[in-house]
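Novice: Since the structure of chain A is already known, use the hints to place chain B on it.
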Amino acid sequence: MHISFLIHNAYGIGGTIRTTYNLANTLAEQHDVEIVSVFRHRDEPVFALDPRVRVRHLVDNRNESPGYEGEDAEHRRPARVFPRGELRHDQYSVLTDRRIAEHLATVDADVLVGTRPGLNVHLARDTRRGPVRVGQEHLTLDSHSTVLRAGLSAAYPRLDAITTTTKADAIAYRHKMRLPGVRVEAVPNSVPAPGIEPADGSGKWVVAAGRLAPVKRYDLLIKAFDRVRGERPDWRLRIYGSGKQKDKLRALIDDLGLYNHVYLMGRAHPIEPEWAKGSIAAVTSSLESFGMTIVEAMRCGLPVVSTDCPHGPGEIIDNGVDGRLVKVGSVEAIADGLLELINNDTLRHQMGGAALKDSERFDPSRIAERYESLFTQLASRGGASAVGRMRGSLHRTRGALLGGAYAVRDAGRTVLKKGHTA
Amino acid sequence: MMTLAPQPTHQHADEDTAMPPRADCTADSAGGLTFDLTDTTEAGAAHLVLRLRGSDEEVSLPLTPSADGRLRAALPSSVALPEGRWDAYAQMADGEPERLVPGLNDLRSLVDRVPSGARGHVAVRIPYVTKHGNLTVRSWLRAPHAEAGELHIEDGGLSVYGRVYGVALTPDAYAEIRTRHEPSPLLKAEVTADGTAFRFTVAYGALAEGTWDLWLRPAGESGPRVRIARLLDDIADKKPIFAYPKVTLETEDGPLLAGPYYTADNDLSVSVTAAS
Chain A
0 MHISFLIHNA
10 YGIGGTIRTT
20 YNLANTLAEQ
30 HDVEIVSVFR
40 HRDEPVFALD
50 PRVRVRHLVD
60 NRNESPGYEG
70 EDAEHRRPAR
80 VFPRGELRHD
90 QYSVLTDRRI
100 AEHLATVDAD
110 VLVGTRPGLN
120 VHLARDTRRG
130 PVRVGQEHLT
140 LDSHSTVLRA
150 GLSAAYPRLD
160 AITTTTKADA
170 IAYRHKMRLP
180 GVRVEAVPNS
190 VPAPGIEPAD
200 GSGKWVVAAG
210 RLAPVKRYDL
220 LIKAFDRVRG
230 ERPDWRLRIY
240 GSGKQKDKLR
250 ALIDDLGLYN
260 HVYLMGRAHP
270 IEPEWAKGSI
280 AAVTSSLESF
290 GMTIVEAMRC
300 GLPVVSTDCP
310 HGPGEIIDNG
320 VDGRLVKVGS
330 VEAIADGLLE
340 LINNDTLRHQ
350 MGGAALKDSE
360 RFDPSRIAER
370 YESLFTQLAS
380 RGGASAVGRM
390 RGSLHRTRGA
400 LLGGAYAVRD
410 AGRTVLKKGH
420 TA
Chain B
0 MMTLAPQPTH
10 QHADEDTAMP
20 PRADCTADSA
30 GGLTFDLTDT
40 TEAGAAHLVL
50 RLRGSDEEVS
60 LPLTPSADGR
70 LRAALPSSVA
80 LPEGRWDAYA
90 QMADGEPERL
100 VPGLNDLRSL
110 VDRVPSGARG
120 HVAVRIPYVT
130 KHGNLTVRSW
140 LRAPHAEAGE
150 LHIEDGGLSV
160 YGRVYGVALT
170 PDAYAEIRTR
180 HEPSPLLKAE
190 VTADGTAFRF
200 TVAYGALAEG
210 TWDLWLRPAG
220 ESGPRVRIAR
230 LLDDIADKKP
240 IFAYPKVTLE
250 TEDGPLLAGP
260 YYTADNDLSV
270 SVTAAS
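Protein sequence lines, in the order shown, are assigned to chains A and B. Number 234 in numbering that gives the first Met the number 0 belongs to position 235 of the first sequence; there are no gaps in the numbering. Number 115 in numbering that gives the first Met the number 0 belongs to position 116 of the second sequence; there are no gaps in the numbering.
Pulled out of the complex, with its shape left as it was, chain B reads as follows:
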């Protein structure tokens, strides 16, 4: 029945090491996560530890027995989790923290998530499986936030439809399209606003070869600069799934290919490359 064997006692046991602890992870629509450790017996004080990759920062959550006898830890949305990848460990009593592997991740409440943005920020935590098969939580904390929704590729340009959280759109709002190279040329696009919804169009013809990042200036030059990103669903790594057609641009220097993509941080950019 493919239940997880608590310990391998079949004849390969001599080749196997102890099974790593496993956690089922359930998300709620407010951005909170619950971790349920399976096949683990309590041995004194236990904690679920999240360690931010590339830093010393860690968050330790107490593991307590739940009604069904499993150990449970909760990460409420009110606990701030700075942006990054948080590797999950189980720490039993005085033992060394052990890396957790994922069980069932129930992320259905994240799929079409619409946060309130009332506190001026948006917190997103998406548990995912690393390429080594371990459990990690990807976290974003944006204050304010500009969420990308539908993208339309038409008439030699990219139309971006999105929504702001934790900030209002003013009549001065515009979008910035910036390359990552110095000196950084900056293009502006007019924004059409309707309540918290916005849209604007990037004309590909104006873009030179390179990578262009899309930013929103909801209150014009005087207000915040907000990186446009797609965060509000259950998918930790958007790039391979949210794929869009590329358009060929004929230029004096030969044909270029232009198209939108999501970066490793799920921010929205446009790449313009030489067509091979």
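This is chain A alone, in the form it adopts within the complex:
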């Protein structure tokens, strides 16, 4: 199959970019894969791509590029196709409307994958007859504004499928939106195996990682750690990430006198070696549309203590088996969850082992198989896109195994290319 992803910006560093690269790189083992980036603000992608995956852009907004289009008159007029209420609406324009439409009217692909609501709307409206249209939802339906939801309701019935990262969000789409004939399926994000040995559970460190943003509720984690220190002063906490909450969190640490126990580590990339230094991971968010860090930590052998917030954690963690789900917003519940694992070495080691095993289901090889199966079924069910029109064979012929066994690669080189330190 020829699979073409449409992404806001393939040259940045966010979670959608990372998960798209994981999927594209794995699918490229057996398919012809390209990533089309609406914008290009730097010369090279930050994450390394499999050389078989092609990347190109539609609008050049590199300030120093001779082809710079950021000042184009059309680019100053607000977008009309890209829906209002989309978080990125301000960055889109009449120029992007036109470029995306031109791309989709002529694209040579069997399957098109949109990676955010605004681009899914383009996919639904502008795609030529033929290709299968799949819209990915990386956030959640409930997190979208009323204006955006109205825009999605109008366009999404023309998609072949919508994928969400959780079952809960898939149910929301099925119940809250009229989508006759549109397949709605939950496919979690993929996380490769780390390229290092898993944690051995002996270090007396709790590790958390994420943007220092209000939704992550690191204030609760720090307060919970005050109680942990009271009982187990030999354990300490590292929080990786940067963000606007940093000064507030720093002040909280100082106010509670936790400066010998709680450390704000700044950003780390790759993160895997940092997980491996800990024995327990903590997630205290009030909302996680998926929960990539939970899977990342589990793949490094850490049991995760996480709030049971909507939507992801409860679908990733098997409570009491490979991690612990605790009440959202409760300092006491978070502290109880941490202390349960801190005070019971046997349980912690057991859960760490289970986390390692249970998180294999998120391996890119497994997730790519699920996408491949979805794409194949959609293509063969006919409708707008008949399999007979599919260019070439379903699979790459070069040494490919039909039926799609993707190599489980030890993909520890989750590195940035030179010149970008996160």
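Simulated from the structure, these hints should not be mistaken for laboratory data. Since we're looking at a predicted model, the values are computed, not measured. Check before you lean on any hint, since a few could be wrong.
Claimed, not checked - No more than 25 angstroms apart at the CA atoms, straight line, and that leaves these computed lysine-lysine pairs for DSS-like:
no., chain 1, residue 1, chain 2, residue 2
1, A, 247, B, 238
2, B, 130, A, 243
3, A, 222, A, 203
4, A, 203, A, 326
5, A, 247, B, 245
6, A, 243, B, 238
7, A, 203, A, 356
8, A, 243, B, 245
Specialist: Only chain B this time, still in chain A's reference frame:
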């Protein structure tokens, strides 16, 4: 899967130069480091070269194929590496040395490191990523060494808890608090010792505006003067991570702010500045 592409052959290839060689770096608890070069094929004799910044000094380590086919170099703790920043290069056969970029740095064995100090010194090597994205090894060599542990800010002062390596604490032990300015006034603080552990308190009220460095005199005036530092973990640059509250001091000349910090060499100092 974000595997590193050995060579960029996608359509930006014309804009790209060859990928620099990359090394995974693994630390052992004895202070040794292992470098594994990824995506590099052997072409004759190969070496990993460490160059001390600001000097001509360099250490060349042979790169040999390991079981998994990658090229490996080892820097055992027994090879002395004078204190400083050592930039890492790969040198293949007769080629020019190429600057290495970091892959995965597995430093877990450094996190709560407790060296023996038996040889009278402490050697620390922490690989880190420079602001330009290259691989450099920060080295410390202290003989003897006074490691700072917990710091407590209370009652208008700073209490320092630490441990000595390669030297014994005697009943004459005390701490020195010195400014960097000449003439250098010198304050002394009484040290409480328990085996190799020590603690002392710096009374902020005694400090004038300026930067004050903390030293330990484990055997009193007759013995060595040991700069107190925090070295024994995986963090190459302590200052941004080991942050401590500042205390406001009311003085005749207006309010001052006092607080501990780690210097660029991870030595422990106290800064006293005018409160703005």
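Novice: Take the hints in turn and mark each one as holding or not.
Specialist: Status of the hints after comparison with the structure:
1. As the CA atoms of residue 247 (chain A) and residue 238 (chain B) are separated by approximately 18 angstroms, the hinted pair is consistent with the 25 angstroms bound.
2. The hinted pair formed by residue 130 (chain B) and residue 243 (chain A) meets the criterion: a straight-line CA distance of about 22 angstroms does not exceed 25 angstroms.
3. Pair hint residue 222 (chain A) plus residue 203 (chain A) holds up; C-alpha atoms about 18 angstroms apart against a cutoff of 25 angstroms.
4. The suggested pairing of residue 203 (chain A) with residue 326 (chain A) holds, with an alpha-carbon distance near 24 angstroms, which does not exceed 25 angstroms.
5. Restraint check for residue 247 (chain A) and residue 245 (chain B): the C-alpha separation of about 15 angstroms stays at or below 25 angstroms, so the hint holds.
6. Annotation: proposed proximity of residue 243 (chain A) to residue 238 (chain B) holds, straight-line Cα distance about 20 angstroms (limit 25 angstroms).
7. Distance restraint check for residue 203 (chain A) and residue 356 (chain A): the Cα-Cα separation of roughly 22 angstroms lies within the 25 angstroms cut-off, and the hinted pair is therefore satisfied.
8. Taking the CA atoms of residue 243 (chain A) and residue 245 (chain B), the gap is near 21 angstroms; set against the 25 angstroms cutoff, the hint holds.
The structure fails none of the hints (numbered hints given earlier).
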